[in-house]
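The primary structure of each chain is shown beneath.
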Amino acid sequence: MRITTLLRRGNMSYSRMSKLLTELVGSGLLLELNQEKISRYMISERGLQFLAAYQQFEDFAQSFGLRL
Amino acid sequence: MAGGVDVSLIADVLQFIGVFVSFSIAYVAFRGLRQTRSPAMLRLATAFLFLGVGFMVQAVLGLEGVLSVLPALTTTVIAGLVVASALMETAGYFFLAFSHALDVMFSKRLQVALLLFPVFTLSAAQTTDALSILSFYFILYGVVETFTAYARTRKPDTLLIALGLALLGSGTFVAWLSLMYPVVYVLSLVQIIIKEVGLMILFIPVLSYALGGAKANGPI
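Residue numbers (this note's numbering), protein chains in the order written: chain A, 1 to 68; chain B, 69 to 288.
For reference, chain B alone in the conformation it holds in the complex:
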């Protein structure tokens, strides 16, 4: 059990990297929104804002579980916050997938994905499980669209984003497994590590934008 606690602590600390990366991407997208008023930037900023908040709630709750630093929270409140964080994460992935869906105006790939949707959602018994599956679906769609974009543009940055999203998707899948097999502590750590590596890969192309670059004098 002691090993389990250590794993949880490492996983919770790693979550904060996700929080930092998500908020950084949201910040760059928000700057882009202010300067270009582009709806794509709005969706990207919203997606990463939701992801960041979701990760942050998960990280704080996780740390609370290990260190008990917050005032005593009732089980109902904790359960509510867990569902809320999963909802935030799912909403983030939804906006990420939604950006692509708007770009292609309901392509055949999305229609196939939506047709397959009920098969997976029916197998989920709990809300968090269902949200985890939804997240996985949304991110999978985002990955397919980003790889398609890479095939079109051949930009290394797009490939890195696609790889990052693919790792995030894999992490979400492992997260789903960890919900099904909660006794396997290592799954929880593995999913966090995969997600964090994915987020860090996502951060590489975003870094140059986050550090500055061209700026117009205020919003247009």
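So here's chain A without its partners, still in its complex pose:
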């Protein structure tokens, strides 16, 4: 996914989005692919695992009437 698509979908400023993307790539949740000078981002295996775990613990917190 290109950064312009992410900006549109996330409704965020460029500076905020690039900071977030750097953080997510740094933690290994996203993969940055450079193709023809264009950066594309895709979710990594670790990112998918994190999402699954996050959903599970969100469910767990909801059971106690809490928000994650």
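For the record, the hints were derived by calculation from the structure and aren't laboratory data. Remember, predicted model here, so these are calculated numbers, not experimental data. Hints may be right or wrong, so weigh each one.
Said to hold, decoys possible - Only part of the chain B face toward chain A is listed, based on derived beta-carbon distances under 8 Å: (1) T142; (2) S167; (3) D225.
Ideal placement from N, C-alpha and C gives every residue a C-beta, glycine not left out.
We have chain A; now place chain B onto it with these hints.
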């Protein structure tokens, strides 16, 4: 009196179920904290860690009273440990209620609860009585908030947690009564049974998380 000793022994052994359940929930919440870094998970882990430690101290002290396995403890030390365990339990319930309080940012219900607080605390003569009343209040608040959450989400797990907490609250209330009427041995057993059933109900939805499920590779 022999019946009293039996009741105490059963009650103390049952306490260990509470210890196991509390530490299991704390473990799941801690795993959630490591993976999501959520403050809600931190409060939940802290709450059940305190509850578990409180139950454990109570159980060990109770067993010591019946079996006398530990080296001779002075009355002051025992009294201190009893107060410490009650404090731990109260702190656990506080963190449980506190999680909800942060969620709703001091809702009207909490304000009413805090206004009523002094009425009940003034009637308590001893520290353990006061802590028991505080525990009851905190858990009552947690029950109300969890039932409210169930009304919103309609999740069966939330209903089970709310029921479990309600039983824990009832057990705490009976514990308070047992402090007021120490000669009625059965109250001590009844409060433990109610609490243990409550904890076991709490454990049902937590079981699936405790047994594993989705895992990220280490903390993010």
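(Q) Take the shortest C-beta to C-beta distance between T142/B and chain A; is it under 8 Å? (A) violated (40 Å)
Q.
Hint S167/B vs chain A: min CB-CB distance below 8 Å?
A. holds (5 Å)
Q: Tell me if D225/B is really an interface residue toward chain A, meaning its C-beta lies closer than 8 Å to one of theirs.
A: D225/B check passes; min Cβ-Cβ to chain A is 4 Å, inside 8 Å.
Violated hint for the displayed structure: number 1, the only one.
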